[in-house]
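Enquirer: Line order of the protein sequences matches chains A and B. Numbering-wise, the first sequence is residues 1 to 101 according to the numbering used here. Numbering-wise, the second sequence is residues 102 to 323 according to the numbering used here.
Treat the hints with care, since some could be wrong.
Stretch by stretch, here's where chain B covers chain A in the computed footprint (C-beta under 8 Å, at least three residues) [as the list claims (entries may be wrong)]: (1) 28 to 40; (2) 44 to 58; (3) 65 to 71; (4) 85 to 96.
Quick caveat, the hints were computed from the structure, so don't treat them as lab data. Where is the CB? At the ideal position from N, CA and C, for every residue including glycine.
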Amino acid sequence: MPDRRIASGHGAEPFQRSKRTDISCLDGRSVTVILRQRGRQYVYRGTAAFQCDDLLGNVLTVTAAGPQTGDPKLIFTEKDWKGRIIPDLEYGSELCMIPSG
Amino acid sequence: MGNRQPAIDGHILVVDGSRMDVRSIRQQLQHIGCIFHTTESHGGAIQWLGTDSHIKVVVLDHGTANGRVADFVSELKSMRSNLTIVGSSSTDCRHEFAAAGVDRFLLKPWRIAELLEALTLPEPSHSKGLAEEASVDIHIGAADADIHSSDTDLDLGKAGSSDTACLRFDCGERVRIADGSLRGLKGTVVADRTGGRILLQLEEGTFVEIHHYCLEKDPSNA
């Protein structure tokens, strides 16, 4: 279970846009995740936390602020992240995460 | 395990304040592959009904209703009109349940076959208006009529306050999120987490952890 918080060292720094972003810099940020699967888009807003998961290793978890059916939590592994992170100009959070898949 | 069809199509909520009884019921429901939650309080029952839209059956212990069976039943029915409620008690208080519109009653200790039998009864006529949409599909073939409710060697562990059990999904199985904001997403089961939660992989490096009751097997299995 992801229960051990790791100090990322990036939490209070302003977000730096770059081609390849270390997702640990999103720790504590409000984010909107835009998932696309089979032509359909899913938008999920929440707060990111960089943690160590016993099974997956270093991960960024995104948890919705309010109650949601099934209490879903999105998890991105640090070593596999290949998506984009861009400023959120549309959904009301600080940043948008767009996985590459 | 993952491909076994559960004996009852729909989720079960067991409302019972007795840890010993819950332990027994847990084992029996697990044995027939049902997805179920247990809670020992009125508030827990209301919370589960508000959370899991797939609950079709409530097994309600008389003692947990704390002398307010009719009010409790009425509240449950107001939340979910198509709910099938089965009364349960160690003393024969079937008349009190019947007065509350619950004609299905199990005298403790009961066996899973008795629950399945109770669920095949037609809805009582006086509650037909509320229960006319009720439909609980029973797959008798999965039941084991020789299971007894007197097992004493199980870990009391999580059966105390509120718990969920899931026997439906195996690691590597393709599933689909069937409820909530991520409804429609498909993934592969990676692991069981605690508290009835399942870890799914959506794609390389992207996962979702969600309560099992929001999941269903992916019919396309793609």
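Enquirer: Could you run down the list of hints and mark each one as holding or not?
Expert: Status of each hint after checking the structure:
{"no.": "1", "hint": "28 to 40", "in the structure": "holds (count 4)"}
{"no.": "2", "hint": "44 to 58", "in the structure": "holds (count 3)"}
{"no.": "3", "hint": "65 to 71", "in the structure": "holds (count 4)"}
{"no.": "4", "hint": "85 to 96", "in the structure": "violated (count 0)"}
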